[in-house]
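Residue numbers (our numbering), protein chains in the order written: chain G, 1 to 299; chain E, 1 to 313; chain V, 1 to 533.
No lab work stands behind these hints: they were computed from the structure.
Worth double-checking, as some hints may not be accurate.
When the alpha-carbon atoms are kept at most 25 Å apart in a straight line, the in silico SDA-like pairs for lysine to any residue are as follows [unchecked claim]:
#1 V:K300 with V:G364
#2 G:K258 with V:A310
#3 G:K64 with G:S75
#4 V:K322 with V:D340
#5 E:K76 with E:R86
#6 G:K258 with V:L266
#7 E:K171 with E:L161
#8 V:K182 with E:D88
#9 G:K71 with V:K322
#10 G:K64 with V:P318
#11 E:K76 with V:G189
#12 V:K290 with V:T450
#13 V:K322 with V:E373
#14 G:K34 with E:E205
#15 V:K290 with V:E457
#16 G:K258 with G:N69
#17 E:K171 with V:L266
#18 E:K56 with V:T50
#19 G:K258 with E:F157
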Amino acid sequence: MAEHIVDLAADAAFIELTEPKSFFYKATRQLLGKKQAILGFAVLLVLVLAAVFAEQIAPYDPYKTNYANVKQPPSAAHFIGTDELGRDGFSRLIYGARISLMVGVSVSAISTTVGVALGAIAGYFGGAVDMIIMRAVDLFMAFPFLVLAIALVAVFGPSLFNMMLALILLYWIWFARLVRGMVLTLRETEFVVGAKAAGASDISIIFRHILPNVFPVVVVQGSFSVADAILIAAGLSYLGLGAQPPTAEWGSMLSNAKELMRILPVLSIAPGVAIMITVLAINFIGDALRDALDPTLRN
Amino acid sequence: MKQYILRRVILMIPLVFGVTTATFALIHLIPGDPVELMMSNARQLTEEEIHRIRDKLGLNDPLPIQYVRYVTNLLKGDMGKSVRSRSDVSYEIMQRLPDTIILTVTSICLVLVLALPIGIISALKRGTWIDTLAMTFALFGVSIPAFWFGIMLMLIFGLHLDWLPTVGQGKTPIEFARSLILPSVTLSLILLGLVTRVARSSMLEVLSLDYVRTARAKGLGARWVNFRHALPNALIPILTIVSGQFASLLGGAVLIEKVFGWPGIGRLAVDSIFARDYLVVTNTVLVFAIMVILVNLANDILYCYIDPRIRFQ
Amino acid sequence: MKLKTVLIYAALVFVLSLSLAPAAADGHCPQEGGTFTIGVDTFLPMDPNTAAHDWTFYAITNINSMLFRIESGQPVGDLAESWDISEDGTVYTWHIRPGMMWHDGNEVFPEGESREVTAHDVVYSIYRQYDDTSSIMAADLRNLFVSAEATDDHTVVLTLSGPDAIMYDKARGLTFTAIVAKEAIEHYGDDYGLNPLGSGPFEFVSYSPDEEVVLRANEDYYIDPCLDEVIFRVMPDVPAAMIALEAGDIDWWGAVTPGDDVGRFLENEDMTVINFGCPVATRLYMSVDKPPFDDVRFRKALSHMKDGNAINAALRGPTHVKGAGTAGPGVAGYVEGLYDEYHAYDPELAMSLLDELGIVDSDGDGWREMDGELLEIPMFAWNSDPAPDYVAATVDAGAQVGLKIRPEIADPGTNNARRNDGEWGIYLGQGWCGEGGTNALWGRNGWISTLGYVDEEIFTLLDQSAQNLDEASREAQLQAATTRIAAIYFEPAFGFFNIFTVKNNYVKDFFGGEWTLNLVTDDHNVWINEDER
Numbered sequence: 001m002a003e004h005i006v007d008l009a010a011d012a013a014f015i016e017l018t019e020p021k022s023f024f025y026k027a028t029r030q031l032l033g034k035k036q037a038i039l040g041f042a043v044l045l046v047l048v049l050a051a052v053f054a055e056q057i058a059p060y061d062p063y064k065t066n067y068a069n070v071k072q073p074p075s076a077a078h079f080i081g082t083d084e085l086g087r088d089g090f091s092r093l094i095y096g097a098r099i100s101l102m103v104g105v106s107v108s109a110i111s112t113t114v115g116v117a118l119g120a121i122a123g124y125f126g127g128a129v130d131m132i133i134m135r136a137v138d139l140f141m142a143f144p145f146l147v148l149a150i151a152l153v154a155v156f157g158p159s160l161f162n163m164m165l166a167l168i169l170l171y172w173i174w175f176a177r178l179v180r181g182m183v184l185t186l187r188e189t190e191f192v193v194g195a196k197a198a199g200a201s202d203i204s205i206i207f208r209h210i211l212p213n214v215f216p217v218v219v220v221q222g223s224f225s226v227a228d229a230i231l232i233a234a235g236l237s238y239l240g241l242g243a244q245p246p247t248a249e250w251g252s253m254l255s256n257a258k259e260l261m262r263i264l265p266v267l268s269i270a271p272g273v274a275i276m277i278t279v280l281a282i283n284f285i286g287d288a289l290r291d292a293l294d295p296t297l298r299n
Numbered sequence: 001m002k003q004y005i006l007r008r009v010i011l012m013i014p015l016v017f018g019v020t021t022a023t024f025a026l027i028h029l030i031p032g033d034p035v036e037l038m039m040s041n042a043r044q045l046t047e048e049e050i051h052r053i054r055d056k057l058g059l060n061d062p063l064p065i066q067y068v069r070y071v072t073n074l075l076k077g078d079m080g081k082s083v084r085s086r087s088d089v090s091y092e093i094m095q096r097l098p099d100t101i102i103l104t105v106t107s108i109c110l111v112l113v114l115a116l117p118i119g120i121i122s123a124l125k126r127g128t129w130i131d132t133l134a135m136t137f138a139l140f141g142v143s144i145p146a147f148w149f150g151i152m153l154m155l156i157f158g159l160h161l162d163w164l165p166t167v168g169q170g171k172t173p174i175e176f177a178r179s180l181i182l183p184s185v186t187l188s189l190i191l192l193g194l195v196t197r198v199a200r201s202s203m204l205e206v207l208s209l210d211y212v213r214t215a216r217a218k219g220l221g222a223r224w225v226n227f228r229h230a231l232p233n234a235l236i237p238i239l240t241i242v243s244g245q246f247a248s249l250l251g252g253a254v255l256i257e258k259v260f261g262w263p264g265i266g267r268l269a270v271d272s273i274f275a276r277d278y279l280v281v282t283n284t285v286l287v288f289a290i291m292v293i294l295v296n297l298a299n300d301i302l303y304c305y306i307d308p309r310i311r312f313q
Numbered sequence: 001m002k003l004k005t006v007l008i009y010a011a012l013v014f015v016l017s018l019s020l021a022p023a024a025a026d027g028h029c030p031q032e033g034g035t036f037t038i039g040v041d042t043f044l045p046m047d048p049n050t051a052a053h054d055w056t057f058y059a060i061t062n063i064n065s066m067l068f069r070i071e072s073g074q075p076v077g078d079l080a081e082s083w084d085i086s087e088d089g090t091v092y093t094w095h096i097r098p099g100m101m102w103h104d105g106n107e108v109f110p111e112g113e114s115r116e117v118t119a120h121d122v123v124y125s126i127y128r129q130y131d132d133t134s135s136i137m138a139a140d141l142r143n144l145f146v147s148a149e150a151t152d153d154h155t156v157v158l159t160l161s162g163p164d165a166i167m168y169d170k171a172r173g174l175t176f177t178a179i180v181a182k183e184a185i186e187h188y189g190d191d192y193g194l195n196p197l198g199s200g201p202f203e204f205v206s207y208s209p210d211e212e213v214v215l216r217a218n219e220d221y222y223i224d225p226c227l228d229e230v231i232f233r234v235m236p237d238v239p240a241a242m243i244a245l246e247a248g249d250i251d252w253w254g255a256v257t258p259g260d261d262v263g264r265f266l267e268n269e270d271m272t273v274i275n276f277g278c279p280v281a282t283r284l285y286m287s288v289d290k291p292p293f294d295d296v297r298f299r300k301a302l303s304h305m306k307d308g309n310a311i312n313a314a315l316r317g318p319t320h321v322k323g324a325g326t327a328g329p330g331v332a333g334y335v336e337g338l339y340d341e342y343h344a345y346d347p348e349l350a351m352s353l354l355d356e357l358g359i360v361d362s363d364g365d366g367w368r369e370m371d372g373e374l375l376e377i378p379m380f381a382w383n384s385d386p387a388p389d390y391v392a393a394t395v396d397a398g399a400q401v402g403l404k405i406r407p408e409i410a411d412p413g414t415n416n417a418r419r420n421d422g423e424w425g426i427y428l429g430q431g432w433c434g435e436g437g438t439n440a441l442w443g444r445n446g447w448i449s450t451l452g453y454v455d456e457e458i459f460t461l462l463d464q465s466a467q468n469l470d471e472a473s474r475e476a477q478l479q480a481a482t483t484r485i486a487a488i489y490f491e492p493a494f495g496f497f498n499i500f501t502v503k504n505n506y507v508k509d510f511f512g513g514e515w516t517l518n519l520v521t522d523d524h525n526v527w528i529n530e531d532e533r
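Taking the hints into account, I'd like the entire structure generated from these sequences.
This is the structure in structure tokens:
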């Protein structure tokens with residue numbers, strides 16, 4: 001897990017520095033030229049719309065039981081059948097998009113923000129802050145990510161909110177480490193040294209010279225971490241440590257469907273396919289972003 | 001060399017210290033009184049009884065004393081007693097540790113056997129349909145939830161084709177091997193995509209290096225150049241990534257063990273959460289961390305043999 | 001031996017055994033040897049003081065001797081060959097079977113150095129449970145207990161302060177008291193449960209937590225077990241265990257078989273579905289001393305808002321039994337018609353009751369408020385099948401009448417702690433079966449008394465029935481208790497489910513477990529027909 005982040009942390013040192021504006025202009029053009037990225041954006045758009053307008057799209061209330069209509073195979077009325085309480089599987093799937101995207105985006109957004117801020121401070125100012133953050137990083141790196149997430153959820157008590165909290169607590173560290181490494185390199189570059197000599201304040205250096213250069217890599221990593229968080233959240237919910245019943249969430253739907261695996265395999269297949277499509281779409285976008293924004297990988 | 005290894009081992013000590021502190025903190029962060037947690041399945045206790053049990057367990061002592069006792073006991077291999085099974089936590093963990101190791105090592109082997117050829121071939125056939133296919137495969141590899149992939153394998157090979165056992169661990173060697181197949185294939189998925197990508201990119205990098213080009217210019221056969229010169233150099237970063245990713249594999253094992261009912265320490269940790277057997281949970285976390293630290297140490301030492309420049313950093 | 005010879009021999013023995021049935025117990029097994037593999041979903045250490053758990057007791061009752069065993073609801077001799085009860089039902093005199101030996105070849109008794117099980121061991125075992133106030137000894141027995149004495153090596157006299165009508169009830173009375181050796185307890189200390197030692201038909205071999213427990217035949221037992229080996233295999237994943245059962249990887253599923261699978265196994269002619277004959281209720285408890293639960297109309301509303309019977313039928317499949325109350329059909333104290341009288345699906349009635357209580361939706365958001373504040377009721381349950389489904393069904397039923405129910409899913413330990421604190425909310429619960437269960441649930445210091453279920457009249461009825469040896473008047477007392485519980489507490493019921501287990505048909509002479517798992521007794525000696533396997 002969190003493998004993209006590890007993988008790219010090393011790239012940070014090689015970042016080339018370009019002027020932001022034209023860079024983004026080029027990047028956007030390149031991004032739009034990629035079939036993969038367009039496909040990813042299209043799929044993600046559909047998912048986001050489904051999540052936002054779940055009430056309007058879903059044919060049934062995902063929590064409405066119907067005891068006269070339980071364990072039905074897929075039909076025109078119920079695209080992926082009904083579960084043991086007669087709830088419509090397809091409607092639950094649509095509502096599940098809401099939770100998965102919410103978890104992925106909010107975990108990624110919060111941990112990126114915290115991680116970038118602290119990583120920049122640590123990298124730029126060094127000293128005690130840097131020491132503490134880096135020791136924390138070392139410590140956290142010694143634990144397998146999922147194991148630590150599970151342990152934290154055990155401490156907080158299993159719930160959707162606590163799972164998100166645990167993931168944020170673990171993710172920000174990766175971003176802090178990534179950004180710190182980049183800032184350490186940037187700090188020694190000519191224009192930062194020059195700006196400092198010209199009497200620019202630290203704040204202005206961070207905001208004008210450092211963050212804009214960190215930004216592309218963070219965006220790429222941030223997009224990957226959305227996908228990663230969705231996968232991990234589904235796994236934790238499957239274990240019963242994330243979303244709790246009767247919440248319509250893909251991971252817990254999978255664990256619920258296990259009982260019916262023999263007679264209604266479609267209930268086990270569909271949520272997994274939904275997760276896969278979502279994660280693939282985000283990874284498509286992430287890959288394209290990386291190609292567009294990360295100069296080291298550009299031909 | 002010896003000096004380097006020694007330094008790495010010494011550097012490991014504060015980390016191990018930090019990890020034990022973290023697990024100790026974890027135990028004390030858990031909300032609720034440990035005695036009540038332990039006894040909640042029995043009848044209600046009086047204040048006096050609770051105090052007596054706390055005394056017996058040393059829970060009335062100041063935290064630093066408890067910490068010292070915790071570490072000394074750990075050094076003696078004493079991790080306390082499991083609430084659920086009433087046996088020693090260390091015994092419970094040692095019983096299952098080999099199963100987790102077998103599962104993860106098998107998966108690593110599978111990853112190497114599958115990902116290396118695919119990555120290398122796609123680098124050699126760069127830009128062809130083979131390359132596209134391989135990279136799509138790699139992308140799927142990082143996008144499929146591994147535990148769901150496991151459920152699908154179970155559905156296909158266990159239920160429909162009835163070729164392999166779906167769950168649990170076989171007793172005879174043959175049965176054991178058969179029951180290992182699905183969980184290890186599933187677990188290998190966690191690294192398959194990543195390692196395929198890394199294999200491809202490091203092979204590409206090596207192929208673009210001067211000496212490989214020179215060898216080709218000299219008229220040496222492309223196949224011979226690829227295998228004699230390029231491959232060994234491409235392997236180093238791959239092996240580093242694989243051992244560096246050991247932690248994610250271990251993390252994934254928790255889920256996969258639960259899905260397949262594999263009796264490893266990951267499943268132990270999850271089951272213990274629901275039984276509120278927190279000593280087992282925290283100590284399992286500790287064992288996971290120590291495994292990661294040891295693998296990283298081994299990795300560093302190995303790397304130092306392969307690339308002696310490291311030593312002088 | 002050639003296969004053909006074996007077959008002929010087996011056939012011969014089989015015919016012979018049929019003609020002499022149930023004569024197999026004389027040490028003549030139609031087929032000797034073989035391993036009986038029992039699948040269970042969890043397993044605990046095998047100390048009779050702590051293992052309040054059916055499947056674990058299946059192992060204990062084969063390793064240890066019991067004073068008596070339960071067969072088809074009736075006590076049959078085990079370590080006690082026979083026993084007499086005084087006229088007033090307060091003095092039990094147990095006659096201990098001579099020549100019963102503790103298992104040897106272990107750390108406590110080296111091979112050939114075992115000793116006879118005596119009346120003193122029985123007294124020791126009873127006091128060990130009685131003195132440990134946190135042991136699982138049944139509360140009713142504990143309350144009545146006066147003394148246990150060994151008048152000679154083979155006689156135990158148990159004196160009670162009053163007669164005990166549920167002495168033989170499964171899972172109550174003396175059925176918890178497995179006979180243990182003092183030497184073993186002292187030798188292993190807290191680890192005894194990991195190294196149990198007894199005098200029963202099977203000896204303990206090994207215990208791998210969460211994996212398996214292996215027992216082997218005790219050659220010194222007074223009956224020669226037909227089986228060589230008994231293995232308890234822990235399979236927490238029930239759907240997978242059902243596949244293993246069908247494939248013959250396990251011979252008997254000792255835990256509760258889920259409804260859907262029961263239906264499938266009933267149609268499978270290679271399997272036998274065994275009914276425990278003791279339906280278990282699923283219902284909701286609540287903190288009845290706190291508003292709004294303290295008003296019976298609110299509890300009524302909670303009951304009528306849901307279609308309990310339909311929910312139960314959907315979730316329990318063929319194991320579903322319609323009904324309500326503490327005791328199910330076939331159990332002492334069962335009152336017919338309670339469900340229709342108190343729990344019939346009537347959302348209109350539920351809504352009018354809520355309106356009457358002033359719990360109404362005044363801000364128009366679809367949810368009802370109490371005293372101007374949104375009434376959000378926590379529902380405490382655990383996260384294993386089918387509890388989450390009952391939660392989902394209850395939450396949905398609440399939504400239909402405008403009651404907001406918030407699921408609080410936690411492990412059983414947390415839920416117990418909440419119940420012990422009498423926390424405000426509703427609790428999903430599965431009742432015990434049997435009349436002993438009624439006592440444990442509703443009696444004085446009963447399981448749910450911390451939630452405010454305290455009623456002197458019910459206590460008196462239950463106390464009286466527990467000491468009433470006259471069956472007819474006891475039944476009347478129990479029914480009166482059941483009816484009063486239903487009428488004043490109105491705890492919302494879903495109905496009962498029958499407990500089924502399933503075995504493969506090549507397991508012979510086996511009738512299922514009833515807390516004591518009787519594999520080798522005077523009437524039964526389980527064997528496995530390898531030819532049918």
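These are the hints, each one checked on the structure:
no., hint, in the structure
1, V:K300 with V:G364, "holds (24 Å)"
2, G:K258 with V:A310, "holds (22 Å)"
3, G:K64 with G:S75, "holds (18 Å)"
4, V:K322 with V:D340, "holds (9 Å)"
5, E:K76 with E:R86, "holds (19 Å)"
6, G:K258 with V:L266, "holds (22 Å)"
7, E:K171 with E:L161, "holds (22 Å)"
8, V:K182 with E:D88, "holds (23 Å)"
9, G:K71 with V:K322, "holds (21 Å)"
10, G:K64 with V:P318, "holds (23 Å)"
11, E:K76 with V:G189, "holds (20 Å)"
12, V:K290 with V:T450, "holds (12 Å)"
13, V:K322 with V:E373, "violated (37 Å)"
14, G:K34 with E:E205, "holds (24 Å)"
15, V:K290 with V:E457, "holds (21 Å)"
16, G:K258 with G:N69, "holds (19 Å)"
17, E:K171 with V:L266, "violated (30 Å)"
18, E:K56 with V:T50, "holds (19 Å)"
19, G:K258 with E:F157, "holds (16 Å)"
In the structure shown, a violation is registered for the earlier hints numbered 13 and 17, in ascending order.
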